[in-house]
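S.K.: Those protein sequence lines, which keep their order, are chains A and B.
Heads up: the first sequence begins at 1 in our numbering, then just goes up one per residue.
Heads up: the second sequence begins at 1001 in our numbering, then just goes up one per residue.
For the record, the hints were derived by calculation from the structure and aren't laboratory data.
There could be a bad hint or two in this list.
As the list claims (entries may be wrong) - Simulated coverage check for chain A against chain B, where a stretch passes if three residues somewhere in it have a Cβ under 8 angstroms from a Cβ of chain B:
#, segment
1, 8-21
2, 81-90
3, 215-221
4, 260-266
Glycine included, C-beta positions come from ideal geometry on N, C-alpha and C.
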Amino acid sequence: MSVATAEVLSAPEFRAAGTDLSERRRSGLSCGTVIDLTASPDTIGITWGADGAARIGALTAIAAIASDARLAQGYPGITAAAQGLATPQIRHMATLGGNLAQRSRCWYFRNPQIACLKKGGADCPARSGNHLYHVAFDLGPCVAPHPSTMAMALLAYDAKIVTDRRSGLSITDLLGDGSNGTADNLLAAGERIERIELPAPLAGERALYKRAISRTHAEWPLVEICVRAVISGGVFQQVHITAGGIAPVPLRLAASAAALEGQPADASTIAQAAALATSGAKPLTMTGYKLDLLTGLVRDLVERIAG
Amino acid sequence: MTTTTVNGRVESLPDDPDALLIDIVRDQLKLTGTKLVCGAGVCGACTVLVDGAPVASCLMPAQAAAGKAVTTVEGIGAAQLHPVQKAFMAHDALQCGFCTPGFIVEATAFCDQWRATRGTAVPSREEIGAALSGHLCRCGAYDGIFRAVADACAGRFDGDNVVAPRVEARDKVTGAAKYTVDINHDGQLEGLILRSREAHARITALDLAPARALAGVTAVSLIGDDRIVRYVGEPIAAVAAKDRKTALAALAAIRLSSERLPAVVGLDAGRKDGAPVVFDRANRKRAGNVSEAAGGPAPWKQNIRGPTAVFSTRAKKARSWVDEARQANNKLLVEATFRTATQQHACLEPHAAVARFDGDRLTLHASTQQVFHLKEQIAKRYKLDHDKVRVIADHVGGGFGSKASLGTETIAAIELAREAKAPVRVAYDRQEELSVAGYRPAAELKVALLPSEQGGLKALSVTAHADTGAATNSTIAGLARLIYPAEAKDLSDFDVISNLPPGAAFRGPGGPPMAFAVEQAIDEAALRLKVDPIALRKKWDPDPNRQRLYDWASSLELWRNRKPAQTGRYRRGIGVATGYWLYLWQPNVKVEVAVKGGRIVASTATQDIGTGTRSVLADTIAREFDLEPGDIDVRIGDSSLPEGPGSGGSRVTASVMPPTLQAVRKLKAAILEQATRKPAPGSNAPWRELIARSPDIAVAETRGEDGKNTAPGIRSPLREVGLMGMVFGWMMRRFSNIAVGAGVPSSVQVVEVEVDTWLGHVRVLNVHTGIAVGKIAAPVLARSQACGAVIQGLGYALYEARELDPISGDVLTAGMEDYRIPGIADTPEIDVHFDEAGFDHVFGNSVGIGEASTVPTSAAVANAIHDAIGVRLTEIPIRPDRIVAALKGRDAA
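Next up, chain A with everything else stripped away, as it sits in the complex (with noise of 0.2 angstroms):
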């Protein structure tokens, strides 16, 4: 192993479930200090505005999120991206900033024999060899997917983010726009995620999540989406639908979106708007049945949200 990759693998890391960080120590791709986040008030359960809108700590339990009944009311997209992911034990210890700090899934990533960008080395050998499960918009120079769920359903709300050190961090912010290979997000060394903030929920609006995976429960997303809209008079109004599974980074879907505002929720609209889900995509020799699960998926929701 290069020494790039033996520094890049000895930085110093925060714990806070160790879901994520345990099986990365156990290989062997983290072997620096581990130093362990402690929940305080402000860190931990969620809090409500007097405008309804809701902040999460960042070391609130995913299983907390998923079973919390006024956050199902008000995002409800964000309650059905927790309960989505993971496995139940998982979703017990594991934590909302965690999801979003968690590092690439991608296999050659994952095997501590194997140098890449990620991890120090010079390309992405994924791109050039075994791409089955990564992205489709081919955004920059790592193909992995980025991993978090909660990201993806975040960005779908417009959240903010608060670190240690800043607040008022959109997720593009946070995650960056997929040009930068070499990391999962963009927070400097030593700068922790300490909760995340929500606007208030539109008044009657609506939202689903669902992600495509080959069994039924527990796999990694093939692709997934979060759709959240208003229908007001038979009418589509603040639309968002953001992606997940197919990028470097979780995206927003605006064409599909832009097809939609303003226009009646009938099934020539929805197509459009469906078809238009893969604009900019641009998928490796592997990926091509990704923009079709995306169509589908978009078309799907988007149904189920108008109906």
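Following the hints, position chain B against chain A.
M.R.: For chain B alone, coordinates are given in the frame of chain A:
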């Protein structure tokens, strides 16, 4: 120092930030019911409760449990079995038992919470499936788990009585059952293996001295005398140290230099002219074996070994008829190329061995499918007296064919223990288990099937190329000889050798890929001939066992009510397929049945890998004496017992039942003869009384030949194929100690699927599996195995594939989240039908179920998908990417 409470006792926690909760539970507290399998929070085998919530202890830092209450499986049934444990026992919701403690912990938490809020309402399959979605079972015990959890929630197991059809069930649901990985001798060292990073290289220097210089470290070389490594992961050396951390440091200290050689990876590259040659002529004997028996001679050029075509008949005729039909544009000629994926055994208990020398006596605990034969292999390799070697396997956490040889884990454990003069455990980690521990080779099958003008089967041609890695001896096409007689058959098998780990035997080696291709071709022929696919099979396949299964299948309501082709997003379809396996048994198997201290004791050196061998013996003997299975002590899993069969080739039941019944007969006579007092007149349990008063008597019997009086049409399948078949049968017996009996164990399956054409998702709704393996010795357990065979077959059909880097050959799916085996929510409704006739010539009338029952599943699924969407999927696994590509008429990646 911080503390935690484990099962009610206060325990100290180490300061090491890398210590995980599972380390405390298993290593510090020796609570070995909690199992380490995936190490990544995927499989749930390590689940414990922390303040009542189920968590993955393989990921939870030990320090995070400070001040909390931890409950392991041992803490759940300690005072009194939980209703969930009783329900698992009663519904036989387990097989090998390695995943069972994790399921029990999660299911008790779910059940307790359910009961607290919902009373005795019955949870739906969807609710149970979601709650247990963080658990994986490789044996496929999900059908019983659904029923167990539903019944426990419904309050049906609140009472004290529990009847367990599996004799060791209580040990498995309480975590008491000890597997090889759980063995922990005083002073035991942990062994690890240094493996090749190169796909092909010559080792120029191996210096173990820096490792040996570390305190308490032992190191041995494992490289062959040719000093060549032929795949990523080939063993080079092994080290042992007081713990894993020290052993890892020792591995890192080893100095290795090698000279890289050109490498070739996979089926397509391996076949190219001028590809680097993996085994030169002098080194061919180093190749592994992917079959259950030794292979015959075959041509071998560069990396292609074959054709093996001994099962062809009038092959030239078959080829010319197919050519003529092609030129004449004969619409009845079915031609297609099929591809099957590499399937990993993915046993939840990894390959593991613990070796201990007491002077010159070796005791080896091993996770093995063959305690007796392994003892003989070890004695031979290390030139030890047979009575100085003892192999023990009380419980084995899955095998499926991968644990039927003397493997690196055993060699390393023995050699390290001898060198270190201390017990050594070697247990593969998940990465090793899913890369170098064997697999069912991927294959490409070219099929041509030509019906005659009269509607018969004129010619069948199958050419199979198997992706065997550093191994040979694949038989896929050849298996198409023993089903669907034709006027001519051209069946050729090729091994394509490349710089990949060696394949191994896997449950019905060659059977599932053969069925996937041939059964789809049969289906296609039925469509073109416009006849019912079951009716066509009934016409073309005269085997009497399968004739009865075809009658059963065609009478199923599901089959009779098939719908015409559908449109819309969700489309349902129904498919059928047939499978078979040979009836194999092992000569020289001995079973001792004895009265000892007033109890019946049965002994033979076989093992239970989850198949239910203990129960087969206990149930059979109990029936003969009119006792309960719990009255019989079954001793297996120890090579010092009388010679028993290996758990492979579905041969255990057929090998142990006849001598057991023979011994029982003789023992009965001896008991009566020596009885000083006859049972009281009108006694309900005369044998119980006789046995209780009997002096100790032991009778050992050897497996004899089967009777000659077979039912009409039941013959040795090898005899039917003529001289080559008889030669093959003779070789199996001579070189592999396996006899091929008369009659063909068979399975016919009818499957219903629903395809989501938008998201490419296939949901299997219903499976009917009809199985003809003679009389069922232990019905509840046989049902479990039949369901598990279907579930494993569904994994093969829909989810499972080893993925590689195409250049280096690195296995990328070396973790359980990337190597995808079926979960509980993927389990369909399964109806099991046993047809118990056909094996009257076997003493006891029973043969094995393990392999025949899994052969047809992938083909039945593919035929059902074709019925649903009108497109034939010729490559498995049938993942979403392949469904959406097929619907668009383009190739998937």
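S.K.: If a hint holds in the structure, say so; if it doesn't, say that too.
M.R.: Evaluated hints:
Counting residues of the segment 8-21 of chain A whose CB falls under 8 angstroms from any CB of chain B gives 4; the rule of at least 3 is met. Judged by the Cβ-Cβ criterion of 8 angstroms, the segment 81-90 of chain A is covered by chain B as claimed, because 5 of its residues qualify and three suffice. Judged by the Cβ-Cβ criterion of 8 angstroms, the segment 215-221 of chain A is covered by chain B as claimed, because 6 of its residues qualify and three suffice. Coverage of the segment 260-266 of chain A by chain B is violated. Counting CB-CB distances below 8 angstroms, 0 residues qualify, and the rule asks for three or more.
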